[in-house]
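Just so you know, the sequences run in chain order W and D.
As numbered in the numbering used here, the first sequence has no gaps in its residue numbers, which increase by one up to the final residue, 1872.
As numbered in the numbering used here, the second sequence has no gaps in its residue numbers, which increase by one up to the final residue, 653.
These aren't lab readings, by the way, just hints derived from the structure by calculation.
There's no promise every hint is true.
Stated by the list, open to error - Simulated crosslink set (DSSO-like; lysine-lysine; CA at most 30 Å straight-line):
no., chain 1, residue 1, chain 2, residue 2
1, W, LYS1567, D, LYS552
2, W, LYS1769, W, LYS1801
3, D, LYS626, D, LYS518
4, W, LYS1860, W, LYS1848
5, W, LYS1801, D, LYS245
6, D, LYS630, W, LYS1801
7, W, LYS1848, W, LYS1548
8, D, LYS571, W, LYS1769
9, W, LYS1548, W, LYS1447
10, W, LYS1814, D, LYS552
11, D, LYS552, W, LYS1669
12, D, LYS626, W, LYS1769
13, D, LYS583, W, LYS1814
14, D, LYS597, W, LYS1860
15, D, LYS552, W, LYS1722
16, W, LYS1669, D, LYS583
17, W, LYS1510, W, LYS1548
18, D, LYS552, D, LYS245
19, W, LYS1814, D, LYS237
20, D, LYS583, W, LYS1860
21, D, LYS449, W, LYS1494
22, D, LYS237, W, LYS1469
23, W, LYS1801, D, LYS524
24, D, LYS449, W, LYS1769
25, D, LYS524, W, LYS1722
26, W, LYS1801, D, LYS237
27, D, LYS583, W, LYS1722
28, W, LYS1769, D, LYS245
29, D, LYS597, D, LYS245
30, W, LYS1801, D, LYS597
31, D, LYS449, W, LYS1801
32, W, LYS1769, D, LYS597
33, D, LYS518, W, LYS1801
Below, each chain spelled out in residue letters.
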Amino acid sequence: MTTQTASRYTAEYSKIEAKLPGGSLPWLLELRNDALKQFSGRGFPSLREEEWRYTNVSSIEKNLFEPRLEPSDQQIDKDWLKNYCLADCWQIVLVDGYYSAELSNLAGIPKNVTIKSLNELLDADAEQVESYFGKAVSIDEHSFVAFNTAWFGDGAFIRIPAKTLLDKPVQLLHVVTDPNRLAATRNLVIAESMAQAQMIETYVGVDQAYLSAAVTEVFVEPNADLTMFKLQCESEKAYHFGGTYVKQSRDARFSHHNFAFGSLLARSDIHVDLGHASECNLNGLYLGIKRQHLDNHTRINHLEPYAVSREVYKGVLDDRARGVFQGRVVVAEDAQKTDSEMNNRNLLLSNDAEVDTKPQLEIYADDVKCAHGVTVGQLDEKSVFYLQSRCVDEETARNMLTFAFANEMVTKIKQKSLHDLVLAEVLKRFPQRGITQDWL
Amino acid sequence: MSASAKEIEQLIGKEYKQGFVTELETDTFPPGLDEEVIYKLWKIKNEPEFMLEYRLKAFRHWQTMKSPEWAFVKFDPIDYQAVSYYSAPKRKEDGPKSLDEVDPQILEAYKKLGIPLDEQERLAGVAVDAVFDSVSVATTFKSKLKEAGVIFCPISEALREYPELVQQYLGSVVPTGDNFFAALNSAVFTDGSFVYIPKGVRCPMELSTYFRINAANTGQFERTLIIADEGSYVSYLEGCTAPMRDENQLHAAVVELIALDNAEIKYSTVQNWYPGDKEGKGGIYNFVTKRADCRGENSKVSWTQVETGSAITWKYPSCVLTGNNSIGEFYSVALTNNYQQADTGTKMIHIGKNTRSTIISKGISAGRAQNTYRGLVKVLKGAENARNYTQCDSLLVGDKCGAHTFPYVEVKQPSAQVEHEATTSKISEDQLFFCQQRGLSAEDAVSMIVNGFCKEVFKELPMEFAVEAQALLGLSLEGSVG
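One chain only, chain W, in its complex shape (with noise of 0.2 Å):
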């Protein structure tokens, strides 16, 4: 079944193909092409192959999505997009997969920090791309990477260059507004040698059921300082799946924040590859409601030596929902003085949720100092009993605990407008527990 319906998509390829940019160049044709051939050898990724084995992502293949051609001439609800457009940052907005000028703010960067759309990029200096392109992640990872090298249609280019300190947070805004609609993006990010940037990737769509298949590049140069901040807030009928594959060099300095509130079906890959004394954060919360089902990957690749890796992932699940975690840590035979630490927390608040968790580490030197940690169950009877013992109602007491369990992941985010706006989504998906007056 699985090439079969894969084919749908393979035998659609010829229409869009013409239309997809880059076609004049050769190595980008290549590599589409490469990519093309191993997505319809493998189809879609199947519950066989163990990252995959919690995630049926079968229904993708029954629906078949299309892709937009060329950019979208639909008016979208602004007030509504207003939302989720920060203050303090600089935008750049990709509708159905394609950068709309109209809608981004990229007024006032300063000159020498490239903020583009990729087609933009393509036309002006594919060398440039060229560089960067596929050198994070092969199309050979798996199946949704090899199908957004085949299909992405456009993403955005941000480079910052070296001893560049950008003050304001660039926020790259995906949005879909059509139903059965795929919007394949890929983007590259570079931070050179010193240079320190924020960006906060943010994900929402029309109430309907879509493919949101977004690839995103990350190059983290010489003692260069990234944050990034993924905030997913897919429609819930929505498909996502969001690939981040970020290359650390030396001394460099990553930290991605990771909130998985929206799709029905949502699979997030952060993979990092760490070079010489550099350091990674990975933080995550899930929130599962509903019938979602949310998928976190996470690898961190200790390649080299004296690099510290800390990762934090928090789940609380309700209703029919599944949450999984799968993490991976691998220190390579080389990677003496390796610092790694994993964590994930879950919480279960319904009979009918499920988890899956599938911490990993794999360990070729022995110099190394590496845990991680899983835990499933319960809010700590002896915490609600202390709030009870402090005239706290039962079912307010649980309240406060499962809001205090998920929002400390929210108060890392030091920024203003973002943290009112994931604090807003999290009281949403909670409303019953929403708890943040008063007492907080």
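Since the structure of chain W is already known, use the hints to place chain D on it.
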């Protein structure tokens, strides 16, 4: 870390002392496996009718299966047609009635292994069933066990004497088609131990089986079935060794434990199959399926294993916690050195209410070895208040080895509490320095620290085994420190 390279060389070169071969006349089937072989096997073992069907069913299923590839081990494909599926010491028609009739050379071999069977009767202690290649050679202490109503005999004998009992339970925990190696075992198993503890009986002594592969080019496929009836208790020990040979030998055993209401089974293993030489040549492929079903309420099964041998270990002693309030435990020390590979762990399947499980796993990897913990904790929807605690620690000795931890946690019940913790580190320089400063040699210090690292598991082992395990650990590890 003061030992010089030369000393290390010497220590690594330490002989596998159980690596002798016993010259015996044996009845051995020519290598190969087809339905004919299975029929012959069934015939020669004089088994009841249902077994032929059972074996053939398993064999047919096995033919449709592929050798699993998901484990973190590497080996060349095994030619299952090049293995002989039956090898028995030649003997008189009826087999030994008592120890006097057992071939003295076999007894000599066991003596070398440190289990003098004939002394067992005099020493108060352990009842031993010894399995040599494929057949059970002698079971000591039979009479005393009989008094208590305990059945402890080779499974081939049980099949003849208690066919209904065996039929009822055989394959009920590990079905014939469970996995590739279990299917193969179900088709060709030749012998093993059978234990039945009747209602309310506390087995008066510890039961023990010693396995030994002797003949070349044979595989050992033993089958152990232990049934603890309501309110009973048994502690069972298992040990294994094999001669040193250049080619790899296959060991694919199946162990099934069944604990009924309020019963408790304690199963301890010290596995010391020949691990191959220091270039990774030879050694046993240890592909074992062990599973316990805590079928009754308040039942308890505890697995303790010390894995120091085998070229490859592929083994996941598991507990299916079906009964309410049942308890599953898994304590493991897995030590790999040179080119050994171990992929071992456990599965705890929580089905009943208030079920509890504990997993303590200690992996030590030295030389060029790869040591993997792979475990599954699964809490099904009905398992209210299930509780699991898992702790996996790995110790790395040397910079060419690997230690991996692959836990799987699947929870469908909100009242369940599941905790998993894992750490990987090397022996701390501070600890070593402290010990050396107090006058211990580096070797002794390492040995002490490693023993301390494994203490939580060793304390679960019965006395005799704990001593053996500590000695084994020292022997297998000493050479690798530098």
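Hint check results:
Proposed proximity of LYS1567 of chain W and LYS552 of chain D is contradicted: the alpha carbons are some 44 Å apart, above 30 Å. Our distance criterion of 30 Å between C-alpha atoms is met by LYS1769 of chain W and LYS1801 of chain W, whose separation comes to about 7 Å. For the proposed pair LYS626 of chain D and LYS518 of chain D, the alpha carbon gap of about 22 Å is at most 30 Å, so the pair holds. Restraint check for LYS1860 of chain W and LYS1848 of chain W: the C-alpha separation of about 18 Å stays at or below 30 Å, so the hint holds.
For the proposed pair LYS1801 of chain W and LYS245 of chain D, the alpha carbon gap of about 26 Å is at most 30 Å, so the pair holds. Distance check on the hinted pair: LYS630 of chain D and LYS1801 of chain W sit about 27 Å apart at the alpha-carbon level, within 30 Å; holds. Distance hint between LYS1848 of chain W and LYS1548 of chain W is fulfilled; the C-alpha atoms sit about 26 Å from each other, no more than 30 Å. This hinted pair checks out: LYS571 of chain D and LYS1769 of chain W have alpha carbons roughly 15 Å apart, not beyond 30 Å.
Among the hinted pairs, LYS1548 of chain W with LYS1447 of chain W is consistent with the structure: their alpha-carbon atoms are about 27 Å apart, no more than 30 Å. For the hint pairing LYS1814 of chain W with LYS552 of chain D, the CA-to-CA distance comes to about 25 Å; that is within 30 Å, so the pair holds. Distance restraint check for LYS552 of chain D and LYS1669 of chain W: the Cα-Cα separation of roughly 26 Å lies within the 30 Å cut-off, and the hinted pair is therefore satisfied. With a C-alpha separation of about 27 Å, the suggested pairing of LYS626 of chain D with LYS1769 of chain W holds against the 30 Å cut-off.
About 23 Å separates the Cα atoms of LYS583 of chain D and LYS1814 of chain W, which keeps this hinted pair within 30 Å; it holds. Straight-line distance between C-alpha atoms of LYS597 of chain D and LYS1860 of chain W comes to about 47 Å, which puts the hinted pair past the 30 Å bound. A hinted pair counts as satisfied when its Cα atoms are at most 30 Å apart, and LYS552 of chain D with LYS1722 of chain W qualifies at roughly 18 Å. A distance of roughly 23 Å separates the Cα atoms of LYS1669 of chain W and LYS583 of chain D; the hinted pair therefore holds under the 30 Å criterion.
With a C-alpha separation of about 22 Å, the suggested pair LYS1510 of chain W and LYS1548 of chain W falls inside the 30 Å cut-off, and the hint holds. Taken as a hint, the LYS552 of chain D and LYS245 of chain D pair is broken in the structure, with Cα atoms around 36 Å apart against an allowance of 30 Å. Using a Cα cut-off of 30 Å, the hinted pair LYS1814 of chain W and LYS237 of chain D is violated, with the two alpha carbons roughly 50 Å apart. As the CA atoms of LYS583 of chain D and LYS1860 of chain W are separated by approximately 25 Å, the hinted pair is consistent with the 30 Å bound.
For the suggested pair LYS449 of chain D and LYS1494 of chain W, the alpha carbons sit about 54 Å apart, so the restraint of at most 30 Å is broken. Proposed proximity of LYS237 of chain D and LYS1469 of chain W is supported: the alpha carbons are some 28 Å apart, at most 30 Å. About 37 Å separates the Cα atoms of LYS1801 of chain W and LYS524 of chain D, which puts this hinted pair outside 30 Å; it is violated. Note on LYS449 of chain D and LYS1769 of chain W: the hinted pairing holds, with a Cα-Cα distance of about 28 Å set against a maximum of 30 Å.
Our distance criterion of 30 Å between C-alpha atoms is met by LYS524 of chain D and LYS1722 of chain W, whose separation comes to about 26 Å. A C-alpha spacing of about 38 Å is found between LYS1801 of chain W and LYS237 of chain D, which places the hinted pair above 30 Å, so the restraint is violated. The straight-line distance between the Cα atoms of LYS583 of chain D and LYS1722 of chain W is roughly 15 Å, inside the 30 Å bound, and the hint therefore holds. Proximity of LYS1769 of chain W to LYS245 of chain D is assessed by CA-CA distance (about 28 Å); at most 30 Å being required, the pair is judged to hold.
The straight-line distance between the Cα atoms of LYS597 of chain D and LYS245 of chain D is roughly 24 Å, inside the 30 Å bound, and the hint therefore holds. Our distance criterion of 30 Å between C-alpha atoms is met by LYS1801 of chain W and LYS597 of chain D, whose separation comes to about 8 Å. Taking the CA atoms of LYS449 of chain D and LYS1801 of chain W, the gap is about 28 Å. The hint holds against a cut of 30 Å. At most 30 Å may separate the alpha-carbon atoms for a hinted pair to count; LYS1769 of chain W and LYS597 of chain D meet this at roughly 11 Å.
For the suggested pair LYS518 of chain D and LYS1801 of chain W, the alpha carbons sit about 26 Å apart, so the restraint of at most 30 Å is met.
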